[in-house]
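**Q** Take a look at the letters that make up each chain.
Number of protein chains: 2
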Amino acid sequence: MEARSRRNNLFFASNEGLVVWFTGLSSSGKTTLSRAVYNLLMQAGHRAEILDGDVIRRKLCRELGFSKQDRDENIRRIGFVANVLKRHGVIVLVSAISPYREIRQEMRNRMGNFIEVYVNAPLSICEERDAKDLYRRARAGELKGFTGIDDPYEPPFSRKLPAAQIGNPLKRARKRWLKRFMLIPIKR
Amino acid sequence: MEARSRRNNLFFASNEGLVVWFTGLSSSGKTTLSRAVYNLLMQAGHRAEILDGDVIRRKLCRELGFSKQDRDENIRRIGFVANVLKRHGVIVLVSAISPYREIRQEMRNRMGNFIEVYVNAPLSICEERDAKDLYRRARAGELKGFTGIDDPYEPPFSRKLPAAQIGNPLKRARKRWLKRFMLIPIKR
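If you read the protein sequences in the order shown, they are chains F and U. Numbered according to the numbering used here, the first sequence spans residues 1 to 188. Numbered according to the numbering used here, the second sequence spans residues 1 to 188.
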């Protein structure tokens, strides 16, 4: 059974697992949102795992930089781990900037049960938050190839993607997303 | 519950999963043995996954070479993936030369439910098999830092490790190993 949207766009997970891929600018709220979803999934008795882009960079991609080639390789490694977890029935919440459309499409094609979530906070808000002090450094020229500043973010084309959220991710998220995830039936 | 040996050294898996780490020279039979164990586990209804060193090198470590530092990083990446799978109740069969004692110990310390299996085929037999034409190339000087030729393999100290097997891995393996794995109780 594949994950599919029915009626109210509810998400149905299967025994084969599911990958929910949060994409968006740095400080857009991907990690916050994925953690909130994770907590709700755990409360509901699901098996879930967060693959955070920052953690994966440390653990599996220490040598990779931020060229397009390196970013794509980084995404493929995240995808490899997500896929193997998915095969074992895990709901995998990936949180990674993943700025290029093409590689996100590659992930979708590879995985089957795949939901892309565009965390659509505008650059101005992300830069104001600047949770990791990265925008400031990018503006100061200390970081090169920073997404949104001197490297592109390619937003998804499709309107069928789960609706984006703007502003405070948790408040919006509760309304728009989390109730849907709560409705994923548990398969044991 | 932790994996522990009882009486006849039977292995008990738990809901938290288990990592079985096959270490040994190239062509010693690690992959053959891990596949045989995998098939039996699947027949018995377990959730299992093989992490093969060659595959992981392609997927997660393309840039790594065969210096001690790179080999250790390679093992840590395999360990990262094994650990996350184990947390979801999977029996993970790792097949990797992993020639250095220290990093194998690091894996054991990190993982808890961990069984190290030394696939103890002597160099002469491995070199005769030479399944991937690597020993020939190493002897010809085409490959540098090849385990067993010009890079060390450090066998495990402990006699408590599951008994090593020599010669035809499948024949021996059936007698010595596979029956034990068959006895892992299934937890659903």
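Hints were generated in silico from the structure; no laboratory data involved. Fair warning: there could be bad hints in the mix.
The list treats identical chains as one, so a pair stands whether inside a single copy or across any two.
[To be verified] In silico EDC-like links for lysine to aspartate or glutamate, alpha-carbon gap of 20 Å or less:
1) Lys144 <-> Asp72
2) Lys59 <-> Glu106
3) Lys59 <-> Glu102
4) Lys59 <-> Asp72
5) Lys59 <-> Asp150
6) Lys132 <-> Glu16
7) Lys59 <-> Asp151
8) Lys59 <-> Glu73
**Q** Next, verify each hint and record whether it holds.
**A** Results for each hint:
Proximity of Lys144 to Asp72 under the C-alpha cut-off of 20 Å is restricted to the intra-copy arrangement: shortest distance 17 Å within a copy versus 30 Å between copies. Taking the shortest alpha-carbon separations for Lys59 and Glu106, only the inter-copy value of 15 Å comes in at or below 20 Å, while the best intra-copy value is 22 Å. Proximity of Lys59 and Glu102 under a CA criterion of 20 Å is satisfied inter-copy only: 19 Å between copies versus 24 Å inside one chain copy. Taking CA atoms no more than 20 Å apart as the test, Lys59 paired with Asp72 passes in both settings, with 16 Å inside one copy and 12 Å between copies.
Neither within a single protomer nor between protomers do Lys59 and Asp150 lie at most 20 Å apart by alpha-carbon distance, with minima of 26 Å and 29 Å respectively. Taking the shortest Cα distances, Lys132 and Glu16 never come within 20 Å of each other, neither inside one copy (35 Å) nor across copies (34 Å). Proximity of Lys59 to Asp151 under the C-alpha cut-off of 20 Å is found in neither arrangement, the shortest distances being 24 Å within a copy and 26 Å between copies. Taking the shortest Cα distances, Lys59 and Glu73 sit within 20 Å of each other both inside one copy (14 Å) and across copies (9 Å).
In this structure, the hints that do not hold are numbers 5, 6 and 7, in rising order.
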